[in-house]
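Enquirer: Assemble the whole structure, with the sequences as input and the hints as a guide.
2 protein chains.
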Amino acid sequence: MYVEGSRPDLRVPFAEVELAGDNPPVRLYDTSGPGSDPEVGLPPLRAPWIAGRGDVAPVSGPGTPLAGVRPTQFAYARAGIVTAEMEFVAIREGVEPEVVREEIAAGRAVLPANVNHPEIEPMIIGARFLVKVNANIGTSAVTSSIAEEVDKLTWATRWGADTVMDLSTGKRIHETREAIVRNSAVPIGTVPIYQALEKVDGDPVKLTWEIFRDTVIEQAEQGVDYMTVHAGVLLPYVPLAVDRVTGIVSRGGSIMAAWCLAHHTENFLYTNFAELCEILARYDVTFSLGDGLRPGSIADANDAAQFAELRTLGELTHVAWEHGVQVMIEGPGHVPMHKIKENVDLQQELCSGAPFYTLGPLTTDIAPAYDHITSAIGAAMIGMFGTAMLCYVTPKEHLGLPDRDDVKAGVIAYKIAAHAADLAKGHPGAQAWDDALSKARFEFRWEDQFNLALDPDTARAYHDATLPAAPAKTAHFCSMCGPKFCSMKITQELKDYAAQGMKDKSDEFLSSGSKVYLPVLP
Amino acid sequence: MYVEGSRPDLRVPFAEVELAGDNPPVRLYDTSGPGSDPEVGLPPLRAPWIAGRGDVAPVSGPGTPLAGVRPTQFAYARAGIVTAEMEFVAIREGVEPEVVREEIAAGRAVLPANVNHPEIEPMIIGARFLVKVNANIGTSAVTSSIAEEVDKLTWATRWGADTVMDLSTGKRIHETREAIVRNSAVPIGTVPIYQALEKVDGDPVKLTWEIFRDTVIEQAEQGVDYMTVHAGVLLPYVPLAVDRVTGIVSRGGSIMAAWCLAHHTENFLYTNFAELCEILARYDVTFSLGDGLRPGSIADANDAAQFAELRTLGELTHVAWEHGVQVMIEGPGHVPMHKIKENVDLQQELCSGAPFYTLGPLTTDIAPAYDHITSAIGAAMIGMFGTAMLCYVTPKEHLGLPDRDDVKAGVIAYKIAAHAADLAKGHPGAQAWDDALSKARFEFRWEDQFNLALDPDTARAYHDATLPAAPAKTAHFCSMCGPKFCSMKITQELKDYAAQGMKDKSDEFLSSGSKVYLPVLP
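From first to last, the protein sequence lines stand for chains A and B. In this text, residue positions in the first sequence follow my numbering: the first is 524, and each later residue adds one. In this text, residue positions in the second sequence follow my numbering: the first is 524, and each later residue adds one.
Keep in mind that the hints are not guaranteed to be accurate.
In this list, chains with the same sequence are indistinguishable; a pair is considered to hold if it fits within one copy or across any two.
Derived DMTMM-like pairs (lysine to aspartate or glutamate); straight-line CA-CA distance at most 25 Å [unchecked claim]: (1) K1018 / E798; (2) K948 / D674; (3) K1018 / D926; (4) K1018 / D826; (5) K864 / E539; (6) K862 / E733; (7) K722 / E698; (8) K948 / E970.
Because the hints were derived from the structure by calculation, they are not lab data. Please read these numbers as outputs of a predicted model, since none were measured by experiment.
Expert: So this is what it looks like as structure tokens:
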């Protein structure tokens, strides 16, 4: 279902779960989009909003930003303007549009929405809003096809991915990205250095600012909504990572480190950062300032290399803001639980409240094949402490490329982490979902319980595995205890019993100091 | 491999992982036991230790505790005696035997070891030691067979379960338990009220102290190492649970609540607690004081009913200690992240430091079919805060009975949580495992990485899924980036480069105030 905003073309999607009896329906945030035909792409929902602002010249296909204009949500917010995109996310999040505008204007939230990606249903990333989840997809030199990646995109958003990063390497990067952007109702992120590296045959030493810049423009014109840029990997920081257990594990970070060392020159992303800002501003591409020196193991967490880079990202945040560009900051990685909070606190301090976007973190290194779990632990905690978006990790992390099942496993684990964080932060309305499901569980409304589940298909299948018969779906017991031995059934009976005045007796007892039963103990 | 203690029959098992090159082998805690033939059972490792203490009369089969004697590890520890069992766990944990004795004597740790379960390899549960994991198995009225449950036991300990609870209901409870105890190298826990209830045809109202007592004696004679007893579900507390979203979700709790209300009489487990202590003391059965009023939903966490019961469990802890009985305390359940720490702090305070043993907790209710993950998040955190043992939750929780795959999924998720907690607590030696695996990963020693993984089979299978060829196992790249584009490979190259003096330049730069590159930014 849709909730209409102040104009008829502003319709915000929700998934509404109907429940049995007189239980009110539950309305859930919905990332799945209107559904696309890959041959055609999605309808350009935002096209009239963008055109209406008059800062993009209409051409066939995507519009061209007018020269000298910064049509960014950040610039509008600072100018006091509530855009249609801001109103859209306000309805989605259940807050006033002015709250959205304020958070964006303060740099505490980003609304990634390239003027050339009119297909998206706007969403917001910021600590005051629901914690978001990103899913990574993309072809590699070794495997995968374009159709497969578009399918992964649709699959990821069906299960709740709020943004998707296309990390394609190898051949046909441009075509893959075009297919993904045109079919995506969620913001798309990329790491442009990957494509730039392909242009120089995979040799980092041959990279130049010009090749990178042209790649960024190419991707911005296609409609990429946010880009990871490793501008904080500075030449003097590189040696700080050399004695680590796992050195530099970020691909972008290692590419830039290799370039810096080979040329004995400062990172060209850093030295050309102002020009880069101007390019991103023209399309409203959001910066995702990459953590090229993030720790890749428990041993390397919170070390000098990591925090040196974070300090630089804090400086660059202000430069980006001065150019009207939205910014979020990427974070680790591998971090043991007791070192997680320091990451958020320091990032918020050094980066003046810009949204934090973290990969996990994994809380132990010992479980390859289960890193969706090792990292969901860290992700939930870092979300509770204030991280705005969590980049998923799939079971294949460190081992291979995620297939469809891995994408789903990663998204579900991270939706759990994000929702657990929303609950812990006391996000208004977050607990209503839990309460509705728990009430259905307690009342043996099995179908309601399944339909409210993050993954109704699997919940239903697991129930069927033990008690396949249809009557079991309405039974007031389950397979754990069997028909004559159910705690929930007993409690229901207690409720009737208790209604007969037990409450009074209890109050009397408790007010007398609860001592009456102690003497029986020796 | 085994490490021998002060006597030749005291041999402590470890799994030793051999690594390539000159990397030292890694020694891991091993719960898998010596392997048993289900027809015969395990050899009685502890038999000579128990007999040597002279407080158990030898009979064919298990020994009979001598009248009036309390042959408990707690009593020995208080008397200043380091038993063979204590020495065994000291070697397992890498601490001095005196540390083990002190922690047991103070009540801060338990060493569950029924004198009639000589087959176990002793282990310890306490906040100062490695965080432990329990796996629940057991037949139900609806499904499962004895052979299947023994297989689940072996399977659970193979993946790292430190104790196993037999929660059988329905028919053949005694025979099932006998098979499980005789084949278990880990302590076995039960909830005797389940079997007592079977004896009265499933009607809680017909339960009596005498039926319960005889059931406890029957199970103690078989060798059950710890028993859950819901002695804290007091009559006046029951109404406190009536207005909850999910009432009473503990089976034992709801049985006792039903009994209390039906008879208008205080819980017979509470009124006969001293006699129960004397029975448990004779066999050295450890109390696991059950949380019959634990919250079954986020909405009910940390409420009056839960904490009223916890206060009573604190009183009962001291009664048990006075009788020489070891005690641990069970905890929730469903708890949002921000309310987890309060649970541990209050339990430690009210129960004078007795070990905490928690079920999860689940940090959200919305993900049936993934509750091993919702709860691994809570388990890791509560472990970090001081919980000594984590009771696993499988993907089938709330939906059906766990099969073999579910048991493994639950154990692995909880080994991750427990190890993450060990790391966060700074347990000596915990990080060595992570470091060894991360070093292997960084050096592309794929086989070492697999062999060090919690689940080598699945890690290997996932790697094969993308790069099946044997040469890929020795390749200095993986499927994520392909051969010419690997961050770890680049870092290795950086190491050589950096050795040529980059470190000096960096130090010089950093000591100059790191300002040299800032002017290039506008």
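Enquirer: Hint by hint, say whether it matches the structure.
Expert: Here's how the hints hold up against the structure:
Taking the closest pair of Cα atoms, K1018 and E798 never come within 25 Å of each other, the shortest separation being 68 Å inside a single copy and 32 Å across copies. For the homomeric pair K948 and D674, neither the shortest alpha-carbon distance inside one copy (34 Å) nor that between copies (42 Å) is at most 25 Å. Taking the shortest Cα distances, K1018 and D926 never come within 25 Å of each other, neither inside one copy (48 Å) nor across copies (33 Å). Taking the shortest alpha-carbon separations for K1018 and D826, only the inter-copy value of 17 Å comes in at or below 25 Å, while the best intra-copy value is 56 Å.
In this assembly of identical chains, K864 and E539 lie within 25 Å of each other by CA distance neither inside one copy nor across copies; the values are 35 Å within and 34 Å between. Neither within a single protomer nor between protomers do K862 and E733 lie at most 25 Å apart by alpha-carbon distance, with minima of 39 Å and 52 Å respectively. Taking the shortest alpha-carbon separations for K722 and E698, only the intra-copy value of 15 Å comes in at or below 25 Å, while the best inter-copy value is 70 Å. In this assembly of identical chains, the alpha carbons of K948 and E970 never lie at most 25 Å apart, being 29 Å within a copy and 42 Å across copies at closest.
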